[in-house]
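Given these sequences and hints, build the entire structure.
First to last, the protein sequences are chains E and B.
With this note's numbering applied, the first sequence covers 58 to 356.
With this note's numbering applied, the second sequence covers 1197 to 1468.
One or more hints might be untrue.
Example chain B residues on the side facing chain E (calculated, C-beta under 8 Å, incomplete) [as the list claims (entries may be wrong)]:
| id | residue |
| --- | --- |
| 1 | 1268 |
| 2 | 1289 |
| 3 | 1290 |
| 4 | 1293 |
| 5 | 1294 |
| 6 | 1296 |
| 7 | 1298 |
| 8 | 1300 |
| 9 | 1304 |
| 10 | 1315 |
| 11 | 1318 |
| 12 | 1319 |
| 13 | 1347 |
Quick list of simulated restraints, FRET-style, between CB atoms [to be verified]:
| id | chain 1 | residue 1 | chain 2 | residue 2 | range |
| --- | --- | --- | --- | --- | --- |
| 14 | E | 341 | B | 1336 | 35 to 43 Å |
| 15 | B | 1324 | E | 258 | 19 to 27 Å |
| 16 | B | 1410 | E | 174 | 40 to 48 Å |
| 17 | E | 105 | B | 1400 | 50 to 58 Å |
| 18 | E | 103 | B | 1352 | 31 to 39 Å |
| 19 | B | 1460 | E | 178 | 47 to 55 Å |
| 20 | B | 1427 | E | 336 | 48 to 56 Å |
| 21 | E | 90 | B | 1349 | 23 to 31 Å |
| 22 | E | 352 | B | 1401 | 29 to 37 Å |
Hints listed in this document are in silico derivations from the structure and should not be mistaken for laboratory results.
Since this is a predicted model, take the numbers as computed values, not measurements.
Positions of the beta carbon are idealized from the N, C-alpha and C atoms, including for glycine.
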Amino acid sequence: MAEMSPPQAARLSPPIRPEFERTAPRVSDAGEIERPLSLWEHLTNMEGVRRGAIVVALMVAWQLYAVWLANPLMFPTLTDTLRALWDGLVHGVLLQRIGATLQVLMTAYAIGIALAAMLTTFAVSSRLGADLLATLTAMFNPLPAIALLPLALLWFGLGVPSLVFVIVHSVLWAVALNTLTGFLGVSETQRLAGQNYGLRGVRYVALILIPAAFPSILSGLKIGWAFAWRTLIAAELVFGVSSRSGGLGWFLFEKRNQLETDQVFAGLTCVIIIGLLVEGLIFRTIEARTIRRWGMSRG
Amino acid sequence: MSAAATHPQDQTYSPPQAGPLLEVSGVTLQYKTRDLLVTATRDVSFEVYPADRFVLLGPSGCGKSSLLKGVAGFLKPVAGFMRLNGQMIAGAGPDRMMVFQDFDQLMPWKTVVENVMFPILVSRRFPRAEARERAMASISKVKLGKFADAYPHMLSGGMKQRVAIARAMAMEPAILLMDEPFAALDALTRRQMQDELLQLWDDIRFTVLFVTHSIEEAIVVGSRILLLSPHPGQVKAELNAHQYRHDHLGGSDFMALAQKINIMLFAEGHHG
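This is the structure we're talking about:
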């Protein structure tokens, strides 16, 4: 090596070192390899514990501020709110109101998904359908559903059909758009594999396209749910009740008019809790059982 | 199926006793891209006999994958015909199982055993009750018995390809179609997979139509090699390679054949 290289000082050659082999790694010298974490480290590693601590801190701050303010008309204390919530759930109308709201919501959500499924099926099976869906979503997706409420009241009158119309509108485009995006994103290989097994038509859509596009579909369902929930509460605030069965939004409006502010806070708490339960519990569980288990999503 | 031979090395040339399993005759294939109509192959003919390991070899653009898609029924020829067992090929079907190059050919929402059972169930090729048993047998043939209940995302690339092969084998197709199945694997795994495929062939003597752009892979895997020239794909030669396996790598016959193919494919074919 050395004699082959020209005698230039600037030209570097690596030093030639002796070779060696090790028989066995010396485990005993390695020192501490693993050690259980302390209880405190365990607790602070749990997201739930950390976030729970923040909630508790906020609740304490709320109570302290409200007691200091001492103006239950404007800002009731946490304890008053919790009492109102308890009374409302056990004796009062709160449970009925929640029931009415959820019933309208589920009806409209189901109709919206069914319509989205039909539109998307049409869109994947023909170019006209795809263009139609693309144009419709481009037009209606940016239009806040609540903006259609005056028109809905004109067409369907005061009552549940108007609410359903508005919510269907808020669900339909989000779900259809995401489902179509998902279908278009299914890889060529998976499509060909499905055709290879002789799958055609509905069976091909149900057994290949839907599961392969499930991450997109699920995110569409989540967005649709969130739109529907916000739209419904807002719509109920506007006209609320036709017969005697109003929803949660109506409850908020009614209690504010009667200056029962602790009841308003209790109603808001219900809105938050239901939203959290559906988004954090139902959808999270579906996600964990499906796309995360299949390695189609991280996080 | 063919002349029974315990070792492929003992195989000597024997004229075909039965008719061809797959006949491809004067096939011209075209496909559309966004703004072009591309002629992938022109007037290609070849015959595959039972238990052949028939390799389509050529540089990219020679239409070898298109030919495979044609046989699979994904692409309709604009001229010529393809017959399998004397029947015209019209559309895709589970009698021709395809193994793709991409690892995502497995369905991520199904476990290994469910993936292998899936085509059996949807094509009703075998009774429902048998599906699981057949799937498990096929999975243990590719040595993945321990991973039957794992999801594809937990497997390595080589293991995914083995599952795809097991899935195709479990269907006992008339012909197995493989589209560069080992091209995305690392060199060591690729070599191992080639050996395993040959062992499987020694066991079951299936018929396979195999697409590759690697000359070495063609010689090792194939018993007969169809050389295609590019743009559009046309038949250049058909060669025998049944006598070679990995043990022959670097041997003078092997090198000579590789050199011959190399010259045929590249030396003259270059039109600037």
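Hints, verified against the model:
no.	hint	result
1	1268	6 Å, holds
2	1289	5 Å, holds
3	1290	5 Å, holds
4	1293	7 Å, holds
5	1294	5 Å, holds
6	1296	5 Å, holds
7	1298	4 Å, holds
8	1300	5 Å, holds
9	1304	4 Å, holds
10	1315	4 Å, holds
11	1318	5 Å, holds
12	1319	5 Å, holds
13	1347	6 Å, holds
14	E/341 <-> B/1336: 35 to 43 Å	37 Å, holds
15	B/1324 <-> E/258: 19 to 27 Å	22 Å, holds
16	B/1410 <-> E/174: 40 to 48 Å	45 Å, holds
17	E/105 <-> B/1400: 50 to 58 Å	54 Å, holds
18	E/103 <-> B/1352: 31 to 39 Å	32 Å, holds
19	B/1460 <-> E/178: 47 to 55 Å	50 Å, holds
20	B/1427 <-> E/336: 48 to 56 Å	55 Å, holds
21	E/90 <-> B/1349: 23 to 31 Å	30 Å, holds
22	E/352 <-> B/1401: 29 to 37 Å	36 Å, holds
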